[in-house]
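A.B. asks: Chain E is fixed; fit chain G onto it per the hints.
Protein chains: 2
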Amino acid sequence: MKTLLLTKEDVKGLISMAEVIGTVEEAYKAFNSGLVQQPGYMGLHLPAPRGEIDFKAGYNQANETITLKASSGGFPHNPAEHGVPSGMGTVLLFDARSCVLACVMDGSLLTGLRTGASGAVSVKALARKDARTVAVIGTGNQARMQIRAIREVMTIGEIHAWCRTPEKLAAFKDEIEQAFGIPVTAASCARDAVAAADILITATRGTGPVVEAGWVKPGTHIIAIGTDQHGKQEFEPEIFRGARIVVDSLSQCISKGETWHPLNAGIITQEQIHGEIGEILLGHKPGRERDDEITIFDSTGMAIQDNTAARKIYDNAVARNAGTWFSFFQ
Amino acid sequence: MKTLLLTKEDVKGLISMAEVIGTVEEAYKAFNSGLVQQPGYMGLHLPAPRGEIDFKAGYNQANETITLKASSGGFPHNPAEHGVPSGMGTVLLFDARSCVLACVMDGSLLTGLRTGASGAVSVKALARKDARTVAVIGTGNQARMQIRAIREVMTIGEIHAWCRTPEKLAAFKDEIEQAFGIPVTAASCARDAVAAADILITATRGTGPVVEAGWVKPGTHIIAIGTDQHGKQEFEPEIFRGARIVVDSLSQCISKGETWHPLNAGIITQEQIHGEIGEILLGHKPGRERDDEITIFDSTGMAIQDNTAARKIYDNAVARNAGTWFSFFQ
Chain E
18 MKTLLLTKED VKGLISMAEV IGTVEEAYKA FNSGLVQQPG YMGLHLPAPR
68 GEIDFKAGYN QANETITLKA SSGGFPHNPA EHGVPSGMGT VLLFDARSCV
118 LACVMDGSLL TGLRTGASGA VSVKALARKD ARTVAVIGTG NQARMQIRAI
168 REVMTIGEIH AWCRTPEKLA AFKDEIEQAF GIPVTAASCA RDAVAAADIL
218 ITATRGTGPV VEAGWVKPGT HIIAIGTDQH GKQEFEPEIF RGARIVVDSL
268 SQCISKGETW HPLNAGIITQ EQIHGEIGEI LLGHKPGRER DDEITIFDST
318 GMAIQDNTAA RKIYDNAVAR NAGTWFSFFQ
Chain G
18 MKTLLLTKED VKGLISMAEV IGTVEEAYKA FNSGLVQQPG YMGLHLPAPR
68 GEIDFKAGYN QANETITLKA SSGGFPHNPA EHGVPSGMGT VLLFDARSCV
118 LACVMDGSLL TGLRTGASGA VSVKALARKD ARTVAVIGTG NQARMQIRAI
168 REVMTIGEIH AWCRTPEKLA AFKDEIEQAF GIPVTAASCA RDAVAAADIL
218 ITATRGTGPV VEAGWVKPGT HIIAIGTDQH GKQEFEPEIF RGARIVVDSL
268 SQCISKGETW HPLNAGIITQ EQIHGEIGEI LLGHKPGRER DDEITIFDST
318 GMAIQDNTAA RKIYDNAVAR NAGTWFSFFQ
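Protein chains in written order, with the numbering used here: chain E, 18 to 347; chain G, 18 to 347.
Treat the hints as calculated values from the structure; they're not laboratory data. Any given hint could turn out to be false.
When chains are identical, the list treats them as one kind, so a pair holds in a single copy or across two.
Quick list of in silico lysine-lysine cross-link-like pairs, DSS-like style, CA-CA up to 30 Å [what the hints assert, rightly or not]:
no. : residue 1 : residue 2
1   : K329      : K146
2   : K329      : K234
3   : K190      : K302
4   : K141      : K273
5   : K29       : K19
6   : K329      : K19
7   : K29       : K234
Here chain E stands alone, though its shape is the one from the complex:
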């Protein structure tokens, strides 16, 4: 029995963003085809100032793969005291036909990649076909990933960006312009960025509304990334009134996504949520229907996105003879 070991460097070279987008579509479709098991995650909270480690598992009958992802985060003293990042990740990939451990891969890059791809998948399903201006609130790693993915599925004419820290905003502008040749306007306030948007991405660690309802112009597609647990919030809940609301997982989004806020405030009812994105990808429900409607995609992240992306990385590694093989038993 042989297990493939893939380092962070291996993983980096083994999957393109276009491939990640394909695997995330595959994940959403499998989820809404009843082919997925994703039990509630296990979380361990370390004593302060340390953060936490979470374990997420998923079984996908479509690819007969089981994955377990361990993700740590919030260890601020790691770089100085232990010489490692403040968060790390590991993925175990099992062949579901036998439960053989097929692969152990570094998981540091996986969450960022598959979360970035989720926004791009929603753009294909929900944004106006003539959308060209992207606004991004937040300029961290996930904001970069969103841009990197969305440019695979549309031509971005210009980007309007905003974050609270001017130095980070300037660095983001420089990086994106150099990497992709897309002009970036460093907005002087969140409102200016939002008002320019055909597509609005929020990828902050916000714990209260950053975007107000009156700022968003008709026809905007919103990608709400930041809110994936209780206590987080990026939007004034009023934005959801009358919008076409699409979620990755209904059960997750109504309990801990951005969608929880307008539900809790009584601004929308659960029946007013249009559906899960997999239903649109499968053709079971329509995507955008009018140019002037506001569409919202609430992405909380699912284990099954890790599953399909990790499986693609593994398949590419096998095809390209990458990685290191190890026998845990004879």
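C.D. replies: Positioned in the frame of chain E, the structure of chain G alone reads:
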């Protein structure tokens, strides 16, 4: 950042049963000292005839170690179709100070070892000091592990064994007599074995009572191993009436251990459960108090037993320069 890889063969040579017993005591004590986090496990059920894979995680503040154990089982076609056992296991061990992945080890042996050790720990705390005859119902791998562990903590004068299959019973007798030089009586019925016991071990896959209340003589210590989920049962619930009942985890045993049956039948109340074994090991509650009382240890198995045992294996490997180091990232 370096991660230690340990094969099944490595693990086998890296820990003695006496050490496993020590780590299980350590686990029980940490659990009852408020130093342990063990979230509810995640389970994935594969389509028939395949079985399942479970993920159990534990954080032990006493050794600053986090473990995740993946355990599969119930894949009857694995040997013929895939050339691997019907169940396998993998353990990830993280340094809880940073969440660095310190070790990936084969986990095939771990559950058997730490479950075997649990019975021996209970013997020290609950069996009569003059106990010398052990009865064992069930003659599989776990029955062997129980004997192997108990002989580390007492002198076994003789063993009375019983199982449904005469060939397996004969093989068990031969193996145990040769391995340990302890005379084994192959009992003609379960009752005969039980009636001879100072210490009674049940390690079957029973789904209904195998042992009746009237068979158990006063002063017997019972080690109930087999029942760790709903649908399993080894004892007539009446046995629990008036016995000193000790559990590994109260929440687990009252919901899915052997203890659930007498509770469900109204034979005992939760208040009549004496306590968790860690409370006895810590001296917070007495163990056995009278030679003629029946003591029952209900063992459902805890993630924290994997934690302390895996950490010992890892420490021994580092001390002995065993295993293979691998860098998942630079």
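A.B. asks: If a hint holds in the structure, say so; if it doesn't, say that too.
C.D. replies: To see whether the hints hold, each was checked on the structure:
no.: 1; hint: K329 with K146; verdict: within (29 Å within a copy, 59 Å between copies)
no.: 2; hint: K329 with K234; verdict: neither (38 Å within a copy, 61 Å between copies)
no.: 3; hint: K190 with K302; verdict: neither (37 Å within a copy, 65 Å between copies)
no.: 4; hint: K141 with K273; verdict: within (25 Å within a copy, 47 Å between copies)
no.: 5; hint: K29 with K19; verdict: both (22 Å within a copy, 19 Å between copies)
no.: 6; hint: K329 with K19; verdict: both (18 Å within a copy, 25 Å between copies)
no.: 7; hint: K29 with K234; verdict: neither (38 Å within a copy, 65 Å between copies)
Figure legend: structure checked against the earlier numbered hints; hints not met, in rising order: 2, 3 and 7.
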